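Protein sequence lines correspond, in order, to chains F, Z, Y and S.
The letter at position 96 of the first sequence is residue 96 when you use this note's numbering, and the numbering goes up by one with no holes.
The letter at position 101 of the second sequence is residue 207 when you use this note's numbering, and the numbering goes up by one with no holes.
The letter at position 14 of the third sequence is residue 226 when you use this note's numbering, and the numbering goes up by one with no holes.
The letter at position 28 of the fourth sequence is residue 346 when you use this note's numbering, and the numbering goes up by one with no holes.
It is worth saying that the hints were derived from the structure and are not from the lab.
It cannot be assumed that every hint is accurate.
Listed below are the simulated SDA-like cross-link pairs for lysine to any residue, each with C-alpha atoms no more than 20 Å apart in a straight line [stated by the list, open to error]:
no.	chain 1	residue 1	chain 2	residue 2
1	Z	Lys206	F	Lys93
2	Y	Lys312	Z	Asn203
3	Y	Lys293	S	Gln325
4	S	Lys399	S	Glu358
5	F	Lys81	F	His44
6	F	Lys100	S	Trp365
7	F	Lys81	Z	Glu156
8	Y	Lys305	Y	Gly295
9	S	Lys399	S	Asn415
10	F	Lys81	Z	Leu154
11	F	Lys93	Z	Phe121
It should be emphasised that the depicted structure is a prediction, and the values quoted were computed from it without experimental measurement.
So you can see what is in the structure, the chains are spelled out below.
There are 4 protein chains.
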Amino acid sequence: MATDLQQLTQALRDFAQARDWEQFHSPKNLASALSVEAAELLEHFQWLTEAQSRNLPADKRAEIGTEIADVFLYLLQLADKLGIDVVEAARSKMLVNARKYPAPPA
Amino acid sequence: MATDLQQLTQALRDFAQARDWEQFHSPKNLASALSVEAAELLEHFQWLTEAQSRNLPADKRAEIGTEIADVFLYLLQLADKLGIDVVEAARSKMLVNARKYPAPPA
Amino acid sequence: MATDLQQLTQALRDFAQARDWEQFHSPKNLASALSVEAAELLEHFQWLTEAQSRNLPADKRAEIGTEIADVFLYLLQLADKLGIDVVEAARSKMLVNARKYPAPPA
Amino acid sequence: MATDLQQLTQALRDFAQARDWEQFHSPKNLASALSVEAAELLEHFQWLTEAQSRNLPADKRAEIGTEIADVFLYLLQLADKLGIDVVEAARSKMLVNARKYPAPPA
């Protein structure tokens, strides 16, 4: 895994431990929290047209960046609990997708 | 952003372009797809106890790793469309969280 | 469909029309909004144990009732747009479920 | 609550009891399942344009009807566990919404 992600993962461990939050952080609960954050991200887009979503004003984009961070932080925590390397898992899945959806001839 | 994530992001761009999927990948639609994948991840846990979720069998963990990959791949694509660096955003959010939830004295 | 649900459905139509919200209420958008509301409902439970969720204090139960209402109102609106009778659909699905999951002998 | 919904609710109780599923049906778990079903409903729309979602072919509409039923069945079960009347809750919420979003003059 990238060093950046290792550092983030370690910082998340320390953060939870310092607050005694480990007890709440079962994989089941983290998967719930991740899903809730993904919905908060979606909420920003729900009444926009697709065209509007491609041209967000700067302040809206900043808010959405915060929601993306929330999703990412729970994703890293869940992956850490399960001993999964997100970059490795993503690369493997891209290979699966490439076989499942072959590109048409150029 | 970490080199690993830059490479993944570029691979995702190439993948979508080769299949002419850019037309479907509005931020609105990617946020929907991300939320759907997060729910597929949650589905694995919905009838488990928290204790069971902390002790998954290897095959279940592998399946969940694939779902984590799906969430991560849509997150990277959405962030890319919006020009957001997920690592940077995550670090900023951790600082906000540290102020919002101060750690109790050790 | 039950008279109660017909009245609610009509009230939702009138409400949207009076505010010129029909333009936002594509089935795609209503399905997004429904999913977001379902996540807001889930958020109330995400850090609770299952036992705690079976013994909610009255104020929490009232808050959750409001979220249940939000989910229901979007569900009725989406069903209305698609010409689906939710009670009829629910009955049909229960028959499917009964075949799929036969009850063990008593 | 409407007689139809009371009958559905009773049928859901009997169904769960006959399969000894009560143990899994904590409000926490039902809220998760509801959220997962709402995402399965959303999945049907994620790559459609809004215009396409307003003009679904009959077979797609039937599939979506089944997903709407799944959401509704979990909503009724969750409400039943919490002693919440969904029709009553929906009516109360509509009054709140009417105050929050006053209609413009006709």
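Hints, verified against the model:
no. : hint                 : result
1   : Z/Lys206 to F/Lys93  : 36 Å, violated
2   : Y/Lys312 to Z/Asn203 : 46 Å, violated
3   : Y/Lys293 to S/Gln325 : 25 Å, violated
4   : S/Lys399 to S/Glu358 : 23 Å, violated
5   : F/Lys81 to F/His44   : 29 Å, violated
6   : F/Lys100 to S/Trp365 : 18 Å, holds
7   : F/Lys81 to Z/Glu156  : 13 Å, holds
8   : Y/Lys305 to Y/Gly295 : 17 Å, holds
9   : S/Lys399 to S/Asn415 : 25 Å, violated
10  : F/Lys81 to Z/Leu154  : 16 Å, holds
11  : F/Lys93 to Z/Phe121  : 12 Å, holds
Of the numbered hints stated above, those contradicted by the structure are hints 1, 2, 3, 4, 5 and 9, listed in ascending order.
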